[in-house]
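Chains A and B, in that order, give the protein sequences.
Quick note on the numbering used here: the first sequence kicks off at 1 and runs consecutively.
Quick note on the numbering used here: the second sequence kicks off at 503 and runs consecutively.
It should be emphasised that the hints constitute simulated quantities derived from the structure, not laboratory data.
Just so it is clear, CB atoms sit at the ideal spot from N, CA and C, and this is done for glycine as well.
Treat the hints with caution; some may be incorrect.
What follows is a list of derived Cβ distance ranges for each label pair [said to hold, decoys possible]:
#1 A:SER108 with B:VAL526: 44 to 54 Å
#2 A:SER108 with B:LEU525: 42 to 52 Å
#3 A:ARG451 with B:GLU1097: 46 to 56 Å
#4 B:TRP991 with A:ARG451: 55 to 65 Å
#5 B:LEU732 with A:VAL463: 54 to 64 Å
#6 A:PRO421 with B:VAL526: 26 to 36 Å
#7 A:TRP422 with B:GLY1104: 33 to 43 Å
Only some residues are given here: those of chain B computed to face chain A with a beta carbon under 10 Å [said to hold, decoys possible]:
#8 GLY569
#9 ILE682
#10 PRO1041
#11 LEU1042
#12 GLY1088
#13 TYR1091
#14 GLU1094
#15 ASP1117
#16 ASP1122
#17 ILE1124
#18 ALA1127
Footprint (simulated), chain B over chain A, 3 or more residues, beta carbon under 8 Å [what the hints assert, rightly or not]:
#19 97-104
#20 245-258
#21 429-440
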Amino acid sequence: MNEFDGILTAVVFLPLAGAILLLVFARTDRWVRLTALGVALADFALAALVFLRYEVDSNDRFQLLDRFEWISTEVFTAQYQLGVDGLSAPLVLLTGLLGLCAVLASWSIKMRVKEYFVWLLVLQTAVMGVFVSLDFLLFFLFWELELIPMYFLISIWGSGRKEYSAMKFLVFTFLGSAFMLVSILALFLADGGAQLDMIGWAESGADLALTVIPISVVFWFFFVAFAVKLPLLPVHTWLPDAHTDAPTAVSMMLAGVLLKMGGYGLLRITVGMFPDMTIDYALILTVLAVVTILYAAVVTLRQTDLKRLIAYSSVSHMGLVVLGIGAVGMAAGTYSNLGLTGAAMQLFTHGTITGLLFLCVGVLYERTHTRYIPDLGGLAQRMPFLAVAFVIAGLASLGLPGLSGFVSEILVFLGAFKAFPWLTAFGAFGIVIAAGYILWMLQRALFGPTRERFAHVTPSNWVERIPMALLIISIVVVGVYPSLLTDVFNAGLASLPAMTGG
Amino acid sequence: MISEGAVWAIFFLPVVALAVNALVVSPFFNHRPGIAAVVIVATLGAALALSVWTLVSVIDNGTHFFGEYTWLTFIGMEIRFGLMVDSLTAIMLVVVTAVSLMVQVYSHGYMKGDPGYVRYFAYMSLFSAAMIGLVIAENIIQLFVMWELVGLGSYLLIGFWTHRPSAAAAAKKAFLVTRIGDFGFLLAILYLFFNRAAFMEQGLDPLSIADIQAAAPLVTSGAMAALGGLGLTWVALGIFAGAAGKSAQFPLHVWLPDAMEGPTPVSALIHAATMVAAGVFLVARFFPVFEASTEAMAVVALVGAFTALFAASMGLVMKDIKRVLAYSTISQLGYMMAALGIGAYGAAIFHLFTHAFFKALLFLGAGSVNHATGTFDMRYMGGLRKIMPWTYGLMMVGSLSLVGIFPFAGFWSKDEILGYAWKGGSLVDTAVFWLLAVSVAMTAFYTFRMMYMTFHGQFRGGVEAEEKEQDIPAEESHGGKVHLAESPWVMVAPMAVLGVGAVVGGYFVNPQAWLFGIPVHWFSEFVVPPVVEHGKVLPLNSVLAAVTTIVALGFIGLATAMYVKGKRAGPGVERAVEPVRRTVEGKYYFDELYEDKLVSKGFYGKFGGFLEWFDQQVVDSIVDAAGWISRNLGWAFGRLQSGQAQFYGVGITTGIVAILVAYLVWG
């Protein structure tokens, strides 16, 4: 059963290797930055290669496998098992892209530069690892590994109440992880199951496994872990704090890929391994999703800090992921796939869009030293490129067609409406509120007369423009021709047991 | 017969103009901004030529459908984009490209020296492309995409002068209000897709426009029971919500007058001639669905007719020339909607066609006046007749057409609608007729009030007097200057072309009797597609036409008496109408109701405030309390270990995993 393609191992551990390299060799800040950039570029190239090498039409569900036995005893075997399917391949690409953008967005970091980039690269390894691990032990290790760099990045390089926010992030995620650990143990101890092998569980479905605790508890414990990460109401309050106090690049990674771990977990594990359970509880999931979408949207409207505003909008938009998942409620069939495709698309599109939004805020904050919206205004004339990028990101976020956000929204709505028309209709009203908070934010931050105090503000520089341009390109390309991604996601989602009537 | 590539080219030509202006001219040739105008005029000129060719081809061959391209796939289903070119599309293409071309030529003069000159033409290209894409769309999602992009174009162009707070606010308002309507449109799409199985049984695609049109009669005949009952009514009302937003129908009319914050050519193009017509187009596009539902038709008819009257009443008292025209536009769109609602498909589109020319002309005229006086406030105009004879003459042509005086274009189209309402005997028809008839009188009055205040009497100082008296804050200043002179030919010539349209666009395309080989009622007959049951053409009701003309002339006379001769009603009457006047001038307080009461105080203040409080004080407090407990626990553990309290959690999990692994390995 041993296979070794190598590319996934490389894409996961290259950033870690880079981090070690930095620790050992890098002397000056300049070299630290350039090395980190080189590593991020190489990892992005590898991630793109993974995405391109994934074959949509292949009969093999999981591809590019790296696997061998890692821990082997009489009662216990853990595989080192990495692989991608149509669900994870685009997320690997997303992580590579945002990792690169995050390094560029960190160019202006002045304090403890080496340490900072080391943690940033470690973070990338952890997230990549989560997306490609196909063994529960490995998955859980990567899931937990991500906490350490995040904790340091927020508490050292953050602003405001950074220690409080970092702690809050840690406690919340930890609480979720504890639930997940119980579920993993329960699956491991199940009679005749696949133990820690995620491929095995994905193929057989865990719904009927006989475990030490009721299977519905296993399902809900997994769900809680992912709901915290996503986040879903009422366990979302760590997110605005963490986002607001994190440095720019870390906010980008947090919103861009870390939240996606929650969505990925929901799709890979709750939907993928507990299809019947998901269908049974679809109504509850949908209600939670709709409440999250609307509640967070209204709270977003009230925010006066740019980062907090975007953070709350993320909560609202992540509700769409769960709305799409709830669409499996109409029992197995073709429509349910539609909602899931939308949910998966939302992971990708929200990653790029929110990454760009946070990047724009960071670039702006660098110059204005305030994120308090009533103090801003008139910046479009001082920073034209930033204004264009910010407006594009905002429009994508409110679901303007032609940009990527619309594609995932329409797919989620088409899928979910079939299952729960009234609830979906309510949820869809979120797009009206979204237009409200986004346009109001843009109006207050960018437009109006130039203010005296911003007379010294300089336009964005090239190091800032490159990641903005990269993200804009991805938003436009996916928005204009979404088949590039939907075909891949479909290939991954079509083989879920829920979709094949399992 | 026209080829597929040629039709796509109509769409892609302005897209190319957008790309060239945004990516080449703006960054590299900003010192030669004229290139931007040349690019867009050339591409739109070519697009106009192709549109005319398309029209000829549709006249000869009927509706064209062209290849479909997969945009999105999901299991068992694809969303495909293609082209549907029927008579309605062909007419719309010509209107959009022709009016847009004239407006671009005019803009070259009007926007001269503006620092955002290239950006302006980039936005204009985007807008033109989206509008063209809207009318050629074959798939309802494709149509929705273009629909929203048209909204984007208007957002960018209304807020073009980003440094002016009122412009930014108006842009946001336009986008938001139309989006409320689009929400209804989206639900209609979702509902259609919801009934996908019923469509599939009939071999139809729920997202294809032609198939939706084909499905409506099947539902009526009972072959598609899933959509029976109120099903089609819901679809129709959802679509109408979208249309009402974009066409500024009551109660979503509030954004259009504010949209006048954009540059004046923008108002001419998108807030008079084409974009707001998109709503009318949308209802026409899905007309078979509306026809299948009496309720939906009645709603469209009554909302349209009420809007026509309601908006006209506000036009009577506005002081800003562009606002008079804006309310006039809302009112005229109400005519078109009402016409559709009573089944007068041909008349509605005919009115859309004539209105596009005369209203674009009037707006360009208002821009020309602004060019000379620096203001839009009619109280500071006056006496321009002698100074700007061309503008005056051309605006007079537009005005007569708007009022509907024989033989100008508006006369023919307006009377066709009124005749249809008169002929139909139902309660709805009668209500529509009287509402529209009263609006005719109001239209006559406000139009000539505008003409007299602007062009007659003595000049009252323009922007200089306005700024002195009104105390306008610096950031809101238009930066205009008074230089009393006729506008340059680059602005007058496009107005003249539109003026020709406002004269011949009526009788010559839709003659009442044989005319040089143009068949009788050619336009109305041509534009009504075979899938539409109603919309048959009626001969002109000459008695009715005569009566409405006399009424209109009477109210022109009243305006003359009041604004030229300076006659005023007695003080008793003035005092009696004072509260009415104030209500109308306050736009019936809809802005206050929506923005202040409902949104600011209600939704944002009360509801939003409560949720924010709840989030901070309830949800987060529980979390903090839980956090406090665990922190203290962690502290206790931390004391036992190394004092690193932050890592209590990591420690615990590591411990659990370690114990577990140990148990499994050795246990």
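Each hint, compared with the structure:
Checked against the hint of 44 to 54 Å, the pair SER108 of chain A and VAL526 of chain B fails, with Cβ atoms roughly 31 Å apart. Our hint of 42 to 52 Å for SER108 of chain A and LEU525 of chain B is violated, since their Cβ atoms are close to 28 Å apart. For the hinted restraint 46 to 56 Å between ARG451 of chain A and GLU1097 of chain B, the CB-CB distance of approximately 25 Å leaves it violated. Take TRP991 of chain B and ARG451 of chain A: their Cβ atoms lie about 41 Å apart, and the range 55 to 65 Å is violated.
LEU732 of chain B and VAL463 of chain A have their C-beta atoms about 58 Å apart, which keeps the hinted 54 to 64 Å range intact. At roughly 47 Å, the beta carbons of PRO421 of chain A and VAL526 of chain B sit outside the given window of 26 to 36 Å. Here the CB-CB span from TRP422 of chain A to GLY1104 of chain B is close to 23 Å, at odds with the stated 33 to 43 Å. The interface hint given for GLY569 of chain B is violated, since its Cβ lies 16 Å from the closest Cβ of chain A, which is over the 10 Å cut-off.
A distance limit of 10 Å between C-beta atoms decides the matter here; for ILE682 of chain B the minimum to chain A is near 6 Å, and the interface restraint holds. The beta carbon of PRO1041 of chain B is not positioned within 10 Å of any beta carbon in chain A (closest approach about 44 Å), and the interface hint is therefore violated. About 43 Å separates the beta-carbon of LEU1042 of chain B from the nearest beta-carbon of chain A, more than 10 Å, and the hint is not met. For GLY1088 of chain B, the shortest C-beta to C-beta distance to chain A is roughly 24 Å, which exceeds 10 Å, and the interface hint is violated.
Evaluation of the TYR1091 of chain B hint against chain A yields a violated restraint, the C-beta minimum of about 22 Å exceeding 10 Å. A distance limit of 10 Å between C-beta atoms decides the matter here; for GLU1094 of chain B the minimum to chain A is near 18 Å, and the interface restraint is violated. The interface hint given for ASP1117 of chain B is met, as the beta carbon of that residue sits about 5 Å from the closest beta carbon of chain A, less than 10 Å. Here the hint on ASP1122 of chain B is kept, as its CB sits about 4 Å from the closest CB of chain A, short of 10 Å.
Given hint, ILE1124 of chain B at the interface with chain A, holds; its Cβ is 8 Å from that chain's nearest Cβ, closer than 10 Å. Contact between ALA1127 of chain B and chain A, as hinted, is not supported at the beta carbon level, the nearest pair being about 12 Å apart and thus beyond 10 Å. Under a criterion of three residues with beta carbons nearer than 8 Å to beta carbons of chain B, the stated coverage of the region 97-104 of chain A fails, only 0 such residues being counted. With 0 residues having a Cβ less than 8 Å from any Cβ of chain B, the region 245-258 of chain A misses the three-residue criterion, and the hint is violated.
For the region 429-440 of chain A, the proposed coverage by chain B is satisfied: 7 residues have a C-beta within less than 8 Å of a C-beta in that chain, meeting the threshold of three.
Going down the numbered hints, you'll see the structure goes against 1, 2, 3, 4, 6, 7, 8, 10, 11, 12, 13, 14, 18, 19 and 20, while the others check out.
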